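These protein sequence lines are chains A and B, in that order. Residues in the first sequence are numbered from 9 upward in steps of one, following the working numbering. Residues in the second sequence are numbered from 1107 upward in steps of one, following the working numbering.
The reader is advised that the hints may include incorrect statements.
Mimicking DSS-like on lysine-lysine, the simulated pairs with C-alpha atoms at most 25 Å apart in a straight line are [claimed, not checked]:
{"hint": "1", "chain 1": "B", "residue 1": "K1215", "chain 2": "A", "residue 2": "K62"}
{"hint": "2", "chain 1": "B", "residue 1": "K1162", "chain 2": "A", "residue 2": "K111"}
{"hint": "3", "chain 1": "A", "residue 1": "K59", "chain 2": "A", "residue 2": "K111"}
{"hint": "4", "chain 1": "A", "residue 1": "K23", "chain 2": "A", "residue 2": "K49"}
{"hint": "5", "chain 1": "A", "residue 1": "K111", "chain 2": "B", "residue 2": "K1183"}
{"hint": "6", "chain 1": "B", "residue 1": "K1162", "chain 2": "B", "residue 2": "K1215"}
{"hint": "7", "chain 1": "A", "residue 1": "K111", "chain 2": "B", "residue 2": "K1166"}
{"hint": "8", "chain 1": "A", "residue 1": "K111", "chain 2": "B", "residue 2": "K1158"}
{"hint": "9", "chain 1": "A", "residue 1": "K49", "chain 2": "A", "residue 2": "K86"}
{"hint": "10", "chain 1": "B", "residue 1": "K1215", "chain 2": "A", "residue 2": "K111"}
Selected chain B positions facing chain A (Cβ under 7 Å, derived; list incomplete) [said to hold, decoys possible]:
{"hint": "11", "residue": "V1117"}
{"hint": "12", "residue": "T1118"}
{"hint": "13", "residue": "G1149"}
{"hint": "14", "residue": "K1174"}
It should be emphasised that the hints constitute simulated quantities derived from the structure, not laboratory data. These numbers were taken from a predicted model, which means no experiment stands behind them. Yeah, the Cβ is synthetic: ideal placement off N, Cα and C, and Gly gets one too.
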Amino acid sequence: EAGVTQFPSHSVIEKGQTVTLRCDPISGHDNLYWYRRVMGKEIKFLLHFVKESKQDESGMPNNRFLAERTGGTYSTLKVQPAELEDSGVYFCASSQEDSLAEKLFFGSGTQLSVL
Amino acid sequence: GDSVTQMEGPVTLSEEAFLTINCTYTATGYPSLFWYVQYPGEGLQLLLKATKADDKGSNKGFEATYRKETTSFHLEKGSVQVSDSAVYFCALSPPSGGYQKVTFGTGTKLQVIP
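Next up, chain A with everything else stripped away, as it sits in the complex (with noise of 0.2 Å):
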């Protein structure tokens, strides 16, 4: 069975530019949850799915991030135009049941670098 897969592995760009990250959750989970560590800090939530609904987006920082999930399979992150501070490793995770945080499978992370 495929885990979650999230593309690209590293993204860098300059500040201003528009950057739209990938994520393939597990077949068949209705729950994708996208999380962020910038600067070796905590690792924090942006936002939860339910198939194709937002769930849950109150860690979203602010209005340059957009969160889609067309369809209820793979979602997309974009941030539009990036900043400095957005520059960290951004997770995705899914999960079939939204009652167990020992259920979640994480992707292995986009890292991202904002010059």
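Use these hints to put chain B onto chain A, whose structure you have.
Quick look at chain B alone, frame taken from chain A:
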């Protein structure tokens, strides 16, 4: 709000050395506690968990005991191997569950040298 504090790294140990990575937490009630591990080039994986006071989680030779009185969940391993080199994250979720409420620590990078 909930928070997790873990020792800063990186931690460098020789093979077969004893490992302790400290983790303390602040939360209301009785949260569930976790250790996740991220090996190079891979995603986070659940290493072990404990869901109530005095529980001991264990996996792959790692152990951690849920200490309510000291609000701690320190990770230990008696004899580390080179393959244990990774970043370790302490985390908690409140009793009500829900992934959006998982709170992570800052991570501790462990390097084991032969």
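Evaluation of the provided hints:
{"no.": "1", "hint": "B/K1215 x A/K62", "verdict": "violated (33 Å)"}
{"no.": "2", "hint": "B/K1162 x A/K111", "verdict": "holds (19 Å)"}
{"no.": "3", "hint": "A/K59 x A/K111", "verdict": "holds (17 Å)"}
{"no.": "4", "hint": "A/K23 x A/K49", "verdict": "holds (21 Å)"}
{"no.": "5", "hint": "A/K111 x B/K1183", "verdict": "holds (24 Å)"}
{"no.": "6", "hint": "B/K1162 x B/K1215", "verdict": "holds (23 Å)"}
{"no.": "7", "hint": "A/K111 x B/K1166", "verdict": "holds (18 Å)"}
{"no.": "8", "hint": "A/K111 x B/K1158", "verdict": "holds (18 Å)"}
{"no.": "9", "hint": "A/K49 x A/K86", "verdict": "holds (22 Å)"}
{"no.": "10", "hint": "B/K1215 x A/K111", "verdict": "holds (24 Å)"}
{"no.": "11", "hint": "V1117", "verdict": "violated (14 Å)"}
{"no.": "12", "hint": "T1118", "verdict": "violated (17 Å)"}
{"no.": "13", "hint": "G1149", "verdict": "holds (4 Å)"}
{"no.": "14", "hint": "K1174", "verdict": "violated (19 Å)"}
The structure shown violates the earlier hints numbered 1, 11, 12, 14.
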